[in-house]
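Participant: Read off the chains here:
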Amino acid sequence: MEPGKVQPYKELRSRLARRDRSLREKVVTLEQAASFVSDGMSVGIGGSTMSRTPMAMIWQLIRARKKDLSCSRCIISTDGDLLFGSGAANHIETSWFAQGILWGLSKVMRHHVESGACRYDEWSHMAMGMRYRAGGMGVPFLPIRSMLGSNVATQRPEAKEFDCPFTGEKLLLVPALNPDVALIHVQRCDAYGNAQMDGLQFMDIDLAMAANRVILTTERIVSNDQIRRAPDHTKIPFFCVDAVVEVPYGSAPHECFGVYEPMMQHMEKYVAQVNGDPVGGMKKYLDDYVYGPKSWNEFLSMIGVDEIVTASRRGRSIFDD
Amino acid sequence: MTEAPTYTASEIITVLSARLLKDGQIVFAGIGTPLLAATLAQRLHCPGLTILFEGGVVGAFVEPGKLPPSTNDQRCTKRANMVLGSADVLLLLQRGYVDVGFMGGAQIDRYGNLNSSYIGDPAKPKTRLPGTGGGNDISSLTNMIVAMKHEKRRFVEKVDFITSPGFIRGGNSRAESGLPEGGMFRVITELAVFSFDDKSREMKVLALNPGVTREELQDNTGFDVAFDDDVSVTEPPSIQELTTLRMLDPDRLFIA
Numbered sequence: 001m002e003p004g005k006v007q008p009y010k011e012l013r014s015r016l017a018r019r020d021r022s023l024r025e026k027v028v029t030l031e032q033a034a035s036f037v038s039d040g041m042s043v044g045i046g047g048s049t050m051s052r053t054p055m056a057m058i059w060q061l062i063r064a065r066k067k068d069l070s071c072s073r074c075i076i077s078t079d080g081d082l083l084f085g086s087g088a089a090n091h092i093e094t095s096w097f098a099q100g101i102l103w104g105l106s107k108v109m110r111h112h113v114e115s116g117a118c119r120y121d122e123w124s125h126m127a128m129g130m131r132y133r134a135g136g137m138g139v140p141f142l143p144i145r146s147m148l149g150s151n152v153a154t155q156r157p158e159a160k161e162f163d164c165p166f167t168g169e170k171l172l173l174v175p176a177l178n179p180d181v182a183l184i185h186v187q188r189c190d191a192y193g194n195a196q197m198d199g200l201q202f203m204d205i206d207l208a209m210a211a212n213r214v215i216l217t218t219e220r221i222v223s224n225d226q227i228r229r230a231p232d233h234t235k236i237p238f239f240c241v242d243a244v245v246e247v248p249y250g251s252a253p254h255e256c257f258g259v260y261e262p263m264m265q266h267m268e269k270y271v272a273q274v275n276g277d278p279v280g281g282m283k284k285y286l287d288d289y290v291y292g293p294k295s296w297n298e299f300l301s302m303i304g305v306d307e308i309v310t311a312s313r314r315g316r317s318i319f320d321d
Numbered sequence: 322m323t324e325a326p327t328y329t330a331s332e333i334i335t336v337l338s339a340r341l342l343k344d345g346q347i348v349f350a351g352i353g354t355p356l357l358a359a360t361l362a363q364r365l366h367c368p369g370l371t372i373l374f375e376g377g378v379v380g381a382f383v384e385p386g387k388l389p390p391s392t393n394d395q396r397c398t399k400r401a402n403m404v405l406g407s408a409d410v411l412l413l414l415q416r417g418y419v420d421v422g423f424m425g426g427a428q429i430d431r432y433g434n435l436n437s438s439y440i441g442d443p444a445k446p447k448t449r450l451p452g453t454g455g456g457n458d459i460s461s462l463t464n465m466i467v468a469m470k471h472e473k474r475r476f477v478e479k480v481d482f483i484t485s486p487g488f489i490r491g492g493n494s495r496a497e498s499g500l501p502e503g504g505m506f507r508v509i510t511e512l513a514v515f516s517f518d519d520k521s522r523e524m525k526v527l528a529l530n531p532g533v534t535r536e537e538l539q540d541n542t543g544f545d546v547a548f549d550d551d552v553s554v555t556e557p558p559s560i561q562e563l564t565t566l567r568m569l570d571p572d573r574l575f576i577a
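Line by line, the protein sequences are chains A and B.
Using the numbering used here, the first residue of the first sequence is number 1, and each one after it goes up by one.
Using the numbering used here, the first residue of the second sequence is number 322, and each one after it goes up by one.
Please keep in mind that the hints were generated in silico from the structure rather than gathered at the bench.
No false leads were slipped in.
Between beta-carbon pairs, the in silico distance windows are:
no., chain 1, residue 1, chain 2, residue 2, range
1, B, 540, A, 292, 52 to 62 Å
2, A, 166, B, 577, 44 to 54 Å
3, A, 304, B, 577, 24 to 34 Å
4, B, 492, A, 105, 32 to 42 Å
5, A, 64, B, 494, 45 to 55 Å
6, A, 292, B, 369, 50 to 60 Å
7, B, 577, A, 297, 31 to 41 Å
Keep in mind the model is a prediction, meaning the values are calculated, not measured.
Positions of the beta carbon are idealized from the N, C-alpha and C atoms, including for glycine.
With the hints as constraints, model all of the structure from the sequences given.
Facilitator: Here it is as structure tokens:
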């Protein structure tokens with residue numbers, strides 16, 4: 001679908017009506033979950049920057065040689081590099097795109113965007129949030145008071161300046177974003193997809209509500225009893241979720257709140273390699289770490305026990321005092 | 322008499338920025354110098370400063386030596402009062418709860434407009450920069466402190482692209498664009514402290530940092546520098562300020 005184009009309400013409702021929303025077990029493998037995503041689909045990515053990135057799912061989509069995906073995320077980092085570098089995506093809508101503040105500009109993003117091969121459509125961070133929220137609310141747009149007067153707005157004709165019918169004030173209407181599929185990684189969920197998140201939730205709840213399909217990856221699958229003992233921790237209800245995949249360390253080498261911090265040695269090595277050569281360095285990274293390993297666990301073993309233990313110790317330390 | 326302490330450019334920027342914050346304020350801080358300066362202020366004269374991060378953190382209290390690599394990492398949440406969704410913490414700006422927005426900058430012009438999107442023609446950019454993040458939202462909706470390195474290529478007559486609005490084209494153009502609230506308050510560099518003229522909305526020097534001359538400042542600025550009638554000299558960073566700062570960032574992540 002054309003970026004920024006709002007799905008007609010009738011279509012949005014009928015797509016939802018066709019989903020099996022019954023209370024049923026939906027645990028699948030990474031490979032099976034990848035079959036929910038077709039070439040050219042719009043894909044909403046959960047988490048933010050280096051946090052709770054659904055990295056294993058993205059890794060699997062790249063291995064499955066998906067093409068021409070149009071991705072969105074509130075803030076995107078090395079996952080965006082991999083999506084552009086592998087050819088899995090040719091369009092990303094986000095508010096910020098680099099590997100991380102510590103490393104300056106992403107040469108991979110620059111290479112693909114400056115050459116015109118891929119599109120990076122920039123929105124303000126709040127605009128991304130209000131777009132997912134409008135999508136989740138079942139309305140075609142929401143008004144915001146930022147972006148006005150800036151070139152971020154002039155570059156996005158799909159956002160419309162509008163005079164408020166109540167006050168006459170100038171507002172910006174941002175179009176709803178209802179991705180074909182959302183990829184979200186959480187700390188735990190049950191086999192039905194009742195998902196509990198610890199720490200920062202970013203835009204994941206709105207994203208889950210907005211999407212036409214949700215693939216959940218999770219550090220652990222817990223019993224439904226466990227979920228029912230703390231229903232206030234459940235942030236995404238099962239009926240939003242179409243597939244559940246248990247993938248320990250599914251955000252590696254990024255972080256998952258309370259479980260592990262980013263695996264910085266791997267990140268440093270990655271950044272040096274791809275920024276040194278955004279084509280050859282990226283190809284080698286993909287060959288070595290994405291296409292090469294037989295499984296996600298083998299990828300983790302390449303990151304190494306030492307680094308994973310260090311990241312885990314730091315991750316869990318949030319609960320120490 | 323003890324010798325005056327030495328400090329780096331990042332250190333004086335951080336210290337001078339921290340001094341602008343007042344106890345009891347609610348400050349929305351970006352990653353890098355803003356996060357560090359807000360945390361420094363909290364440890365010195367503002368124990369009651371409430372720090373917000375775009376990741377969704379309300380009331381951050383960052384631990385010394387454990388600076389987060391972004392404002393979306395778990396380290397930002399340690400000892401915070403609350404975590405929200407990112408959109409909801411940004412909406413606090415829109416509702417008006419935030420006293421000060423605090424950001425770094427890649428390129429700024431005389432009206433305080435910030436560019437973090439493109440170098441060169443946006444249609445055929447020389448460099449595609451990372452983009453706004455929450456910068457546009459913060460600068461659109463509250464009063465801004467910008468902390469940045471002073472270089473001629475960063476202080477330009479007109480930015481290539483307005484990512485985060487300052488006073489747009491000066492005068493009333495900001496309000497006329499649909500941004501009735503907020504605007505640039507101060508810009509802090511290693512050379513000087515700037516404010517903005519109440520009418521023209523042009524940047525002007527409020528104070529020069531120790532040892533900096535008007536000529537040196539002009540030589541490092543890409544537009545004709547305006548000076549306040551009453552330009553002062555900033556108080557250099559004290560030993561206490563520098564010691565606390567270095568305790569917070571022992572690995573010199575943000576004060577290199």
